[in-house]
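2 protein chains.
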Amino acid sequence: MVRFFAPAQELQGETLTLTGDAARHGAVLRLKAGELVEVCDGEGTVCTCRVVSSGSNTLSLSVEDRHPSDTEAKVSVTVYMAYSKSDKLEHVIQKATELGAAQIVAFPSARCVARPDERGLEKKLERWQKIAASAAEQSGRGVIPKVTTLKTYADALREASLSDLGILFYEHEEALTLRNALEGKNLHSVSILTGPEGGLEEREVEQARQAGLQVCTLGKRVLRCETAPLCALAAIMYHTGEF
Amino acid sequence: MVRFFAPAQELQGETLTLTGDAARHGAVLRLKAGELVEVCDGEGTVCTCRVVSSGSNTLSLSVEDRHPSDTEAKVSVTVYMAYSKSDKLEHVIQKATELGAAQIVAFPSARCVARPDERGLEKKLERWQKIAASAAEQSGRGVIPKVTTLKTYADALREASLSDLGILFYEHEEALTLRNALEGKNLHSVSILTGPEGGLEEREVEQARQAGLQVCTLGKRVLRCETAPLCALAAIMYHTGEF
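Protein chains in written order, with this note's numbering: chain B, 88 to 330; chain D, 88 to 330.
Just so you know, these hints were derived from the structure itself, not from any lab. Treat the hints with caution; some may be incorrect.
Claimed, not checked - Simulated crosslink set (SDA-like; lysine to any residue; CA at most 20 angstroms straight-line):
id, chain 1, residue 1, chain 2, residue 2
1, B, Lys161, D, Thr304
2, B, Lys175, D, Ile218
3, B, Lys161, B, Gln190
4, B, Lys307, D, Glu224
5, D, Lys217, B, Val309
6, D, Lys161, D, Ala262
7, D, Lys172, B, Asp174
8, D, Lys307, B, Met88
9, D, Lys307, B, Lys172
10, B, Lys175, D, Lys307
11, D, Lys307, B, Gly131
12, B, Lys307, D, Gly142
13, D, Lys172, B, Gly131
14, D, Lys272, B, Arg266
15, B, Lys172, D, Asp174
16, B, Lys161, D, Arg245
17, B, Lys307, D, Lys272
18, D, Lys233, D, Gly131
19, B, Lys238, B, Leu249
20, D, Lys307, B, His154
21, B, Lys210, B, Thr236
22, D, Lys307, B, Lys238
23, D, Lys307, D, His275
24, B, Lys172, B, Glu205
25, B, Lys307, D, Arg153
26, D, Lys161, B, Leu263
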């Protein structure tokens with residue numbers, strides 16, 4: 088069934104009149120009266136709807152059923168990624184969304200070479216949010232992960248430590264595996280934190296420990312900054328029974 | 088320690104005289120006499136060497152120690168990926184190498200839109216092998232995964248079925264999870280098979296079952312053709328105790 092996203096405020100009532108992107112999307116798909124489609128608010132609610140009429144500016148639908156999305160992960164994983172070159176960050180936003188991340192947060196660290204300035208940030212965030220929305224739509228998710236940024240590394244540690252489990256991945260850690268950190272815990276939320284191209288500094292890793300994060304290895308092969316969070320996310324989804 | 092690859096035939100004897108890329112690499116790094124470096128043959132052997140002299144065309148080394156690489160995965164995973172757009176295939180070659188794949192194999196399937204012709208293939212393979220070599224070097228691997236291609240889908244099924252476990256991932260499979268397929272087995276080799284942008288056809292999935300492959304889900308979210316093999320590979324590495 089065709090599925091698309093529309094703002095939550097357009098999804099009230101028993102008949103829906105969608106405008107903007109959703110209507111244009113409907114027109115492109117040449118939806119016909121009587122067809123069934125799914126409209127999702129990007130916050131976890133999915134409406135099964137019948138097309139009443141489809142024009143280039145408005146798509147009229149009658150709601151047949153409203154239910155919570157069943158494609159969301161059981162455990163809420165937030166991906167904290169140090170600012171990296173733009174294409175890498177965008178890559179992680181797209182892939183982490185597919186893999187089921189609840190939220191994606193970019194933060195600065197000592198060795199970050201790429202960091203958007205205050206003025207450029209708003210545009211970047213808009214672009215990043217669009218990448219997440221498009222990946223969510225394509226992968227059939229019911230929730231569009233929020234993409235946000237933090238001003239300091241300390242902010243990232245503080246926020247990550249509020250999860251049931253906060254993990255920082257460090258290429259020089261050898262003892263604590265991700266499995267050790269996950270096993271035997273009943274987790275509802277996990278935060279994972281990874282460094283930029285040049286890695287995290289040792290004092291930053293120490294700072295993370297002091298903030299209550301577990302410092303873990305992702306194995307003996309050194310992963311690129313865009314590979315590490317996705318590898319960890321896939322493993323956590325596997326561990327928590329998603330596939 | 089700086090590590091680089093050199094052809095196995097240059098790594099014989101107690102003193103090494105490297106030429107070509109390795110020598111140029113040494114010159115770029117401004118190696119000095121007395122420094123320790125690692126030279127790897129890309130087939131699992133690592134030499135710890137002391138620099139005797141470094142010029143732009145030759146790098147002279149004395150071998151201090153020769154040992155098997157300790158960064159290879161315990162289980163040999165071969166990634167069979169249907170031909171996809173060039174950037175996706177190259178992406179998977181790079182990332183699968185980082186994640187520890189033993190081999191990467193491209194094969195045709197019914198809905199493949201991109202498929203190199205016979206003439207272009209040799210050049211492509213050379214390029215793909217270079218991507219694997221570069222990713223192996225960067226991630227500290229001792230083995231450069233071989234990148235190969237197969238002429239038919241049936242060939243891919245036949246080869247994959249020779250592993251201890253052959254798995255095909257299919258977005259319409261709901262029952263068999265990767266965990267179910269892996270659990271309780273003592274595996275030395277695993278083959279994973281994924282489809283192209285447009286997915287595999289149902290008859291192809293049936294063909295895989297008949298060839299003895301397990302047909303598994305990667306969860307409720309639909310993954311892109313370049314995300315699925317990497318997600319599965321990360322999960323298998325996690326399952327087999329790599330991190």
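### Message
When the structure is checked against the list of hints, which entries are broken? Sort them ascending.
### Response
6, 9, 10, 12, 13, 16, 17, 22 and 23
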